[in-house]
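**Student:** Sequence:
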Amino acid sequence: MQDSSLFQFEHNEETGNITVIFDAKNFTHENIQSDTHIKITLDQLVHEFSAKGWDASRLNNESAANFIFQCNEKNSVTNPIRESIANIVDGKFQITISQDKMNAYLQIWPASGGRLVSETDVKSKLEQLNIVFGVDEALISELIQKQQTPATVIASGIPAEEGKAAHFISYVEGLVPYDLMSNQDEESFFDLFSLKKLPYIKIGTPIMRLVPKYDGVDGIDITGAFITPKSYPDITFAEDLKGVKFDDLDPNLLIAAVEGKPILHRYGMSVVPYHEINLEGIGTKYIEFEGALVINGDLQNGMDVKVNGDIAVDGTIGISRVEASGRISTSGGIIGAPDIEETSKQVHIVCQGDIRAKFIENANVRSSRSVYCEHAIVGSQVIAGESIFVGKRGVNSGLIRGGKLIAFNKVIAGSIGFDNGLETHIHVGIDLFVDNKKYKIKKRYDEILVEKQKLDKLIKLIFEEPERGENGIAQRVKLSRDKMIEKLDELRSTYQKIEANIHGLESAKIVFYDTLYGGTTISIGNRTMEFKKDVFSSTIYYGIDGEIKLGGLALK
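Residues 279 to 834 in our numbering are what the sequence shown lists, from first letter to last.
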């Protein structure tokens, strides 16, 4: 092998030790004489040592002289010469990337007689790591000049500007809007009894504002990848708010359209006529009202109350009939007489909204939404279009003793059944309100379809006469039409699921935190099972094989 270099060098980068090697057999050089006597000088060693980028002053003079002496011995032609002649550490550097790829850090360790870290080295490494954005080249040059630096940021991305969730602002003192980003908890609800304290609202009074979501701004990391901020859902006011309208100049401001009391909803606020009555000394058994009604006293003696709105009874609901298009709340319980066949002497509760009571005993209760009972349901027939909750979630309180409970989604309680064998039947995954739900969906679908057809005509007119769409009118019309199309698709999908009866069984569950007593009958959809023995702390659900299953408390 012919090479202009006389020497080979081995550099241990960890220890810094440099070993020089000379093997005459590998070279044809003018310094190798015919008599095989080698003529090598210290200058040649220094020259090649320096050519490697090493500082010649780091040479160990004694070791170098000894090496040259050995190389010039005659036997060196056949025996390679090795000698440790210096200890040199090259400059080192490291580039690290933060986990979120928003920063790159450069750290440099100084050389000790060895090769310095170069700007080319650093840029080559940046390219290798695909760091292409936010690189501070001036700072890199400055750090290279120093040749020693702790971990320093040399490249930075631009973080995404976080968006903000849509939210409501209440202008009514005492009413705090729901946190729309949290799951609605059954314990959080508008207390109908608070109507007594809430202010009376006059027509035109601003009551609530919707602050639309802010989508934020994309960011970019040091690899050039875009960072999308967290997305939030579009929020609008509910469509069925009563007694309110939008401000003519501000579509996000809700104002009162009638006089009355405010009622808070998850997606807005209503204003309804309000009336408060005391039952003591009342001369009638029949009460009918439009709006929100608060009754002070116990409902008894076959009273008949019918309200197109919400009812709050500050007392107990006894043998009577109570109907509401909204919600029914009682500060006491709902209690009838046991084993009475005569309809006029039973208690009947029917409403389209939620029902809330401390206890329900020997009563017929029917809600299109959910039923919340604080302590116990005993010997009653309770039907809910959504769920039935007895007691506090996750606590061994809340008793269901005897009777029949039917719910579309869930029945949750502490204990279910009687240890004395009194018949208790729980049925979930069945929708007794399906016809009413389908009617409401179709009615709303037809209403939106009529409005969409009006916008279709307006869009056609704007196309023919563009001046009608100026000042952003065309964009707003198109946006409104697009939202209507989305809503129509959503309603159509919901209607189809209800018709196919495919969206109930998957969420149907019966949960008990303490005991389900033997003798209790459980039905899910068209499947029924009677439990012969007591079962503890479990969830009963509908399995993928179409059978009733028993599992742990994995309640979502």
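Source of the hints: derived by calculation from the structure; they are not laboratory data.
Think of the CB as a built atom: it goes at the ideal place given N, C-alpha and C, for glycine as much as any other residue.
Mixed in with the good hints, there may be bad ones.
Stated by the list, open to error - In silico SDA-like cross-links for lysine to any residue, where the CA-CA straight-line distance does not exceed 25 Å:
(1) LYS317 - ASN357
(2) LYS520 - THR562
(3) LYS330 - ASP414
(4) LYS330 - MET380
(5) LYS775 - ARG679
(6) LYS636 - ARG679
(7) LYS474 - THR562
(8) LYS810 - GLU825
(9) LYS682 - LYS761
(10) LYS730 - GLY750
(11) LYS718 - GLU784
(12) LYS520 - PRO551
(13) LYS761 - SER771
(14) LYS475 - ILE560
What the hints assert, rightly or not - The following label-pair restraints were derived from C-beta to C-beta distances:
(15) PRO484 - PHE814: 49 to 55 Å
(16) ASP812 - ASN556: 45 to 51 Å
(17) ASP734 - GLY824: 51 to 57 Å
(18) VAL489 - PHE814: 44 to 50 Å
(19) GLY829 - PRO484: 18 to 24 Å
(20) ASN674 - LYS811: 45 to 51 Å
**Student:** If you test the structure against every hint from before, which numbers come out violated?
**Tutor:** Hints 2, 3, 4, 5, 9, 17, 19, 20 contradicted; others consistent.
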